[in-house]
Amino acid sequence: MAVSELAHGTKAGVSARNGNVDAARLSIFALVAALALLPLLAGGFLLYSLSLCFANALAVLSVSMLVRYGGEVSIGHSFFVALGAYAVAIVEHRLGLSIAVSLPLAVLLGAIAGFVFAFPSRRLSGIYLAVATMALALALPEILIGFEKFTGGFEGLYIAQDLIPGISKALQRYYVALVLLVVVCLALSHFRKSAQGLALLMAQAQPRAAEAMGITRSWARVSIFTLSAALASLAGAMTGFASSTVSPNSFTFFSGVFLLVGSVVSLNRLSLPAALVGGAFITLVPTYLAKAGDWVPILYGVALIVVTLAANAGDLRRFLPRRRGR
Amino acid sequence: MSVAGFIRDILPLLWSGIISGCLYGVGALGLVMVFKSSRVVNFSHGNLACLGAFVVYGFSSGSLLSLSWGSAVALALGIACAVAVVSYALIAPIVFKSDLASTIATLGVGLVLQGGVQLVFGADIVNLDLPVPRFSFSLGAVRVSSYDLAVLAVTIAIVAGLFVIIERTKLGVAFRAVSTNPFACEVCGLNLRSVHLFSWLAGAVLGLVAALLIVPTTFLSSTTVPSFMLQAFTAAVVGGFSSLPGAAVGGILVGIAMNLFSFYVSPEFMNTFLLGVILLTLNFFPNGLLERAIGGRV
Amino acid sequence: MMATIGSGLVAEGISLGFGGLQVLSDVSLTLKPGVITGLIGPNGAGKTSLFNCLTGLYHGQRGHSSFAGTPLDGMGPAQRAACGITRSFQNLAMCPELSLLENVLVGLTLKRRSGWFSAFVPTPAQQAEREDTERRAMAALSELGIASAAHHKPSDLPPGTLRLAEIARAIASEPRAILLDEPAAGLNAVETRDLMRALKRLMRPDLVLLVVEHDMDLIMELCEHIYVLNFGRMIANGTPAEIRAHPDVIRVYLGDDADD
Numbered sequence: 006m007a008v009s010e011l012a013h014g015t016k017a018g019v020s021a022r023n024g025n026v027d028a029a030r031l032s033i034f035a036l037v038a039a040l041a042l043l044p045l046l047a048g049g050f051l052l053y054s055l056s057l058c059f060a061n062a063l064a065v066l067s068v069s070m071l072v073r074y075g076g077e078v079s080i081g082h083s084f085f086v087a088l089g090a091y092a093v094a095i096v097e098h099r100l101g102l103s104i105a106v107s108l109p110l111a112v113l114l115g116a117i118a119g120f121v122f123a124f125p126s127r128r129l130s131g132i133y134l135a136v137a138t139m140a141l142a143l144a145l146p147e148i149l150i151g152f153e154k155f156t157g158g159f160e161g162l163y164i165a166q167d168l169i170p171g172i173s174k175a176l177q178r179y180y181v182a183l184v185l186l187v188v189v190c191l192a193l194s195h196f197r198k199s200a201q202g203l204a205l206l207m208a209q210a211q212p213r214a215a216e217a218m219g220i221t222r223s224w225a226r227v228s229i230f231t232l233s234a235a236l237a238s239l240a241g242a243m244t245g246f247a248s249s250t251v252s253p254n255s256f257t258f259f260s261g262v263f264l265l266v267g268s269v270v271s272l273n274r275l276s277l278p279a280a281l282v283g284g285a286f287i288t289l290v291p292t293y294l295a296k297a298g299d300w301v302p303i304l305y306g307v308a309l310i311v312v313t314l315a316a317n318a319g320d321l322r323r324f325l326p327r328r329r330g331r
Numbered sequence: 003m004s005v006a007g008f009i010r011d012i013l014p015l016l017w018s019g020i021i022s023g024c025l026y027g028v029g030a031l032g033l034v035m036v037f038k039s040s041r042v043v044n045f046s047h048g049n050l051a052c053l054g055a056f057v058v059y060g061f062s063s064g065s066l067l068s069l070s071w072g073s074a075v076a077l078a079l080g081i082a083c084a085v086a087v088v089s090y091a092l093i094a095p096i097v098f099k100s101d102l103a104s105t106i107a108t109l110g111v112g113l114v115l116q117g118g119v120q121l122v123f124g125a126d127i128v129n130l131d132l133p134v135p136r137f138s139f140s141l142g143a144v145r146v147s148s149y150d151l152a153v154l155a156v157t158i159a160i161v162a163g164l165f166v167i168i169e170r171t172k173l174g175v176a177f178r179a180v181s182t183n184p185f186a187c188e189v190c191g192l193n194l195r196s197v198h199l200f201s202w203l204a205g206a207v208l209g210l211v212a213a214l215l216i217v218p219t220t221f222l223s224s225t226t227v228p229s230f231m232l233q234a235f236t237a238a239v240v241g242g243f244s245s246l247p248g249a250a251v252g253g254i255l256v257g258i259a260m261n262l263f264s265f266y267v268s269p270e271f272m273n274t275f276l277l278g279v280i281l282l283t284l285n286f287f288p289n290g291l292l293e294r295a296i297g298g299r300v
Numbered sequence: 016m017m018a019t020i021g022s023g024l025v026a027e028g029i030s031l032g033f034g035g036l037q038v039l040s041d042v043s044l045t046l047k048p049g050v051i052t053g054l055i056g057p058n059g060a061g062k063t064s065l066f067n068c069l070t071g072l073y074h075g076q077r078g079h080s081s082f083a084g085t086p087l088d089g090m091g092p093a094q095r096a097a098c099g100i101t102r103s104f105q106n107l108a109m110c111p112e113l114s115l116l117e118n119v120l121v122g123l124t125l126k127r128r129s130g131w132f133s134a135f136v137p138t139p140a141q142q143a144e145r146e147d148t149e150r151r152a153m154a155a156l157s158e159l160g161i162a163s164a165a166h167h168k169p170s171d172l173p174p175g176t177l178r179l180a181e182i183a184r185a186i187a188s189e190p191r192a193i194l195l196d197e198p199a200a201g202l203n204a205v206e207t208r209d210l211m212r213a214l215k216r217l218m219r220p221d222l223v224l225l226v227v228e229h230d231m232d233l234i235m236e237l238c239e240h241i242y243v244l245n246f247g248r249m250i251a252n253g254t255p256a257e258i259r260a261h262p263d264v265i266r267v268y269l270g271d272d273a274d275d
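Protein chains in written order, with my numbering: chain S, 6 to 331; chain B, 3 to 300; chain A, 16 to 275.
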């Protein structure tokens, strides 16, 4: 009978899944251990690049989170990243305080900005939000240069204060960014199981059904964007800390698009390895291809198209024959 | 500020706002046509227009060839249309499946075009003028130039042409039907793909025309045209994003509003101003400012 | 307002039209607690439209509805859900990314107490709440006999199981009213019998239960009170025996019965 078959299937399926989960967990644990021990072997530029990778990985996670839980694209997350980075810099310049204070502040500011930004289009389709994020990305350089008194204009600001006194700058940047990245990944995996996480996934896949369970569309849209912007701002604070400087050069219109590229390349996954792949892609490609500058957008564009088409290829096989007889 | 001074300022501001607004409207029409037929926001719109403008520059200035302006434009139109066909072909397999994935793919196309322009033409800033005789005359407080007249003439011709195609031709009927209900159309035997292709080609042509007309007022570089498209996007949002008359009128409203803002408040925060316009419109007029007046019809 | 004060889900004089098309004209019904009520009618009679009016997806141009004396007019689906009205979906509304158990857990969203902090950081209170909701979701799945499928993804399961899971999700939150939209669509005879048994078992004296179906036999066997809709009008209501003998119903349904 069907039910008994199911029961067998269940046992086999669940135990197989458990096995996979254990293997995945072990390999992630090994990855973290390797990264934690790396500074014993390497130093200098590699550590610096990796710290930036970690910070960018956080930013990529913020975009992936929006795609996964909200079904929305943003090309303006550079705005929230910049908000976090400048919050750290300005707090240090004006108040002389380290990121111990400015990091939570950056997260709070990111959440507020995200809420204000997402609220107007809460009832509309995600397309409108995507268009609005384009304006956000284009407005950012203007704001950074226009409010010179706070932001330091074209020159930007330096971030010099340490978080933990007595440890070398390079090690601090590296370990703070790594620890934060691991903690965020753990928090995200917990979020996947939380009531809010489930509700958001349902609201995205079945908006009508979700509505009938008390999950309104506007709640879902505003919450996920607020969370994602808060995470982007946290990533920005880390970017500022890891690079010791903030300037409009690092926040052009294209930085927001590049974050989306990182997210797409990591298949919008929210795991640590995926985040590292996305972060590394957008950090290391421009660094190592600096001489071939104009090829970077082309490479990114091709990556966006290829990954998007490939990611939907599985569905194509299922959808196309039914849709068209030919 | 004196009343007389205000009146002296306001008329020229309105006039130049209308002129640049026409171009924002033309840019927005391309976006809206693509969106109405295929539900995709085409983020490569500005990059394609930029490529087209650079092709005109390259082929008419002698940097690649020195053809006449007219034949350079013809070549650019050909290239823009070819690129539009290729980019639609890339998106075609997923266009019915996911708005999100298709929109991301258009960003990819935009990045490739952007990189291509930088690779071929460099990061230089160049001038590209319209080959119209220069003259101007005063009309009350307003100074009208030959450029203004050219923009008005082209805009009117384009809007009229588009109207004729959409109202009078078979393709236009199919376009209207598809934008109302794609699935019913497929059942009725209308070919969705050809309607999509029509709107993507029209979008490319409209984008190129808008770019060629806007460039003389500033300069041409690999970033000016794509960021000019923010005005077109704003115009489309103000018009409701799926209404062609809305896009045209939205363009003019945005043109006027930007002129007033830059004159009376600050010329340095134009994009921030547009961001504000977009957010306020989405909040208070989610279906566009003209929802009542026009009713969102074609 | 003249709305009947009292228990149960009451709709009075609902009229609904789309453009020139009148879908419902002056339809009234009363769903009493403790009674399994059926709503039948041929295809296109307006069953789903009426259903959507009751759940707040559509709003009739005229008429009022109330639940346990509380007026529902103007309330959207989420607000009605907060009043304790749940529904199932005819086209299976499962999130493909979630396991069956998680899909049912979403039905308990309104019972959530834990805040945003504990969505990211495990806290004892959240842990306890999660265990509790999981127990309730599992109980709902067991009640419908599909507990063994709890950890599978919807795409791995037959439509019959998903259909039962829809109902499990609707009952998991212990609602005061359950509205089922064609619960037996796509089920085979065995599954249909299981479903009927489960529905009868979950009936309580304070529960409002509405089943919308076009399958006459199922409704006749399951329901104690039946409404019949045709061309947007309520043509009959009464006990199964009364409905069976009603001349209008016989006229409308004779053709359909012959087809079946």
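I should point out that these hints are in silico values taken from the structure, not numbers from a laboratory.
Be a bit skeptical, because a hint or two may be false.
Taking lysine-lysine and the DSBU-like style, the derived pairs with C-alpha atoms no more than 35 Å apart in a straight line are [as the list claims (entries may be wrong)]:
#: 1; chain 1: B; residue 1: Lys-99; chain 2: S; residue 2: Lys-198
#: 2; chain 1: A; residue 1: Lys-168; chain 2: S; residue 2: Lys-198
#: 3; chain 1: A; residue 1: Lys-47; chain 2: A; residue 2: Lys-126
Hint check:
no.	hint	in the structure
1	B:Lys-99 with S:Lys-198	holds (28 Å)
2	A:Lys-168 with S:Lys-198	holds (15 Å)
3	A:Lys-47 with A:Lys-126	holds (25 Å)
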